[in-house]
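There are 2 protein chains.
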Amino acid sequence: MPKQKNKVAKEKETPKQIAAKIYDMAKGIVADIKKETDPEFVTQQRGKSNVEFDEKKGILKLGDKETTRTFLNVGHAKKFMQTMLVSAKAHEYLKHNKTASIREIYYELKHTVPNTKENTFEGQTESDSCIVDLEHSINSIREKLNLHANPKGTLYGDITLKDKMHHNDTFNCGKLGRGGWSIMSRLEPEEIDIMKINAKYVLVIETEAMYERLVEERFPKDNNCILVSTGGQAARGTRRLIHRLHTEKKLPVYVFTDGDPYGWYIYSVIKQGSMALAAHSGFMACPNAKYIGMTLDDIEIYDLQNVTEKMKDGDLKRAKEMMAYPWFQNEAWQHQLKKALKEKVRIEQQALANKSLEFVATEYLPTKIKKKDFLP
Amino acid sequence: MPKQKNKVAKEKETPKQIAAKIYDMAKGIVADIKKETDPEFVTQQRGKSNVEFDEKKGILKLGDKETTRTFLNVGHAKKFMQTMLVSAKAHEYLKHNKTASIREIYYELKHTVPNTKENTFEGQTESDSCIVDLEHSINSIREKLNLHANPKGTLYGDITLKDKMHHNDTFNCGKLGRGGWSIMSRLEPEEIDIMKINAKYVLVIETEAMYERLVEERFPKDNNCILVSTGGQAARGTRRLIHRLHTEKKLPVYVFTDGDPYGWYIYSVIKQGSMALAAHSGFMACPNAKYIGMTLDDIEIYDLQNVTEKMKDGDLKRAKEMMAYPWFQNEAWQHQLKKALKEKVRIEQQALANKSLEFVATEYLPTKIKKKDFLP
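Those protein sequences? They're chains F and L, same order as listed.
The opening residue of the first sequence carries number 902 in the working numbering; numbering runs sequentially from there.
The opening residue of the second sequence carries number 902 in the working numbering; numbering runs sequentially from there.
Isolated chain F, as found in the complex (with noise of 0.2 Å):
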């Protein structure tokens, strides 16, 4: 049966649909066994080769190339039914409105098929794979799929949610003393409502002490915006939030990092997708997402020389490998990109604290806001 071509991933799919488009995919198969025709299950190639960047959306995409297995052929026939597997639990999570994480629906199928001593799954990586195969094949993301990843980062700031899945609990993040809501692994829109929102901006942060100390300094109410603290790379929950503050809710997203190819690489993946999800940058990726700081050139604008860290290597290979990237070819990034890999000096955000705790509130980011002294 052959993938669902030419339809847009749409954010607002209903699990029932979903769940409508897995029972499609089987029954086109069950009709193949019937018919005594090989069964075909066809999804999108992934990897570097067929990832394309889409400069007028701004956003990271999957090319035409796809991949079919079929059920006859030796070397795919353990991949078939475990992406059968995977499908069957995940149509069986939606029915019945549960979720699961991809380490449960691993340990849920693997058991040794009867009468043998094979293992349905050896390994994680098996029942993942099965995952994104399925995600690609239906054209939605995991979330919608009923499944998730491990929760991680806070949502802090005069926001008001309702989670409809849970006696429809509304609140809201700015009330919530100084620890703020721990996002979760999943935020479709349907489970969860943005209320009410009361801000001119998002501002991601990558360290949670940088959001405690925004918090502290009473930033976000000063300034009228939301703060969401990832803590290193996003998780998918809160790449989704942001998301959708950013598609839903209009608001620009500001990003700020640690001024080193690590927190860059962190910001293009909220702002253009990745590669390993090319495929759902539609569901994910913040196109207009600015970049606010740490620059290398902060260094010297604000006299941080005496506080700056040796580069390690991988973080100057993940360097030169950013500047050949088609969405880094611009000359602010080039300039960044350049200078780190010739003077091997990175800037973390916390260094800020050498003028004072208060500088990054009253002064730092204030400033680039005011100025719209921003990287793309």
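Rather than coming from a laboratory, the hints here were simulated on the basis of the structure.
As the structure is a computational prediction, the values presented were derived from the model and not from experiment.
There could be a bad hint or two in this list.
Because identical chains cannot be distinguished in the list, a pair is counted as satisfied if it fits within a single copy or across any two copies.
What the hints assert, rightly or not - Cut-off 25 Å, straight-line C-alpha distance, at most; resulting in silico cross-link-like pairs (DSS-like, lysine-lysine):
1) Lys1018 <-> Lys1245
2) Lys1063 <-> Lys1097
3) Lys1273 <-> Lys913
4) Lys1076 <-> Lys1122
5) Lys1097 <-> Lys1076
6) Lys1076 <-> Lys1065
With the hints as your guide, set chain L onto chain F.
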């Protein structure tokens, strides 16, 4: 000036009292200088050789060994200067009601000493060790010096908190949807009040995915308990919270981790404290905590042989070390540790999904709790 001995570490010391302790210490040093005596800084000796297990209290503690640093000793002079810088800065935070991460205080204090090429600190390890010295010298914890590490962990359930430093926000952690409250890095009683709590016990969970499972299954509501997810080894703020629930609110604490030495060690740190922070067990430990699972016996009892994993070398090494610790000298834990070394398999919490997603909530945990089937 000698360390302030014979004083019990006090949970309820106020910022003012802590600031006074630092001030007194500094006054003593100034007096020494005026008398032309070599000033001394006395702190407790840390490390395994000075850690003792207090059988009666069931917690780790430090012995009586002390370390004295003198300013006129060339080998001590720089460290002495660093300790004074950290002490003065912490005093300033307390005076001005500011808090800072241990990375921020490092950056704030790092500079080149005028007319020299000498930096105050070369790396964060240097300032961190001064913080530890100061904690031990004044017989308190960094949180009471207004310092903190990164936050991590989530709280869920019918518990109402008030943040007195944030508009007296008062909120119930069972009414924040499925996301829960993001636990702060510092949770001192003079800032965060536990206003109301309706629960029979606290269930501490190693993985965030298991936390999400139990919330989805409505386990906390059906079983009238509080959930705390640690996301691996518990952060200090999360340990303080669990400790407060255990001591202030007299709630039983049950700990639920993966069935491996790493998970068991997470448990023992929550229960008895850690060797690195042996002096602080009075602020952190929960000596009556119980271990609910996973045990290696669960593998046979619940027929999970198919979903075990091979133990890594690091786990085996840790198991050997743990066998020798005084606080693991009981039949139940010796049995687990021996079994680990013999069978070399581990079992994850999420492997229970192999029975069904609900199994952990409807069978595994309720049965263990009903039968009081705990490890000590």
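Hints versus structure:
1. Lys1018 <-> Lys1245: Cα proximity of lysine 1018 and lysine 1245: across copies only (21 Å, versus 53 Å in one copy).
2. Lys1063 <-> Lys1097: both (10 Å within a copy, 23 Å between copies)
3. Lys1273 <-> Lys913: neither (33 Å within a copy, 47 Å between copies)
4. Lys1076 <-> Lys1122: Close inside one copy (11 Å) and across copies (23 Å); limit 25 Å.
5. Lys1097 <-> Lys1076: both (14 Å within a copy, 17 Å between copies)
6. Lys1076 <-> Lys1065: both (20 Å within a copy, 12 Å between copies)
Checked against the numbered hints above, the structure violates only hint 3.
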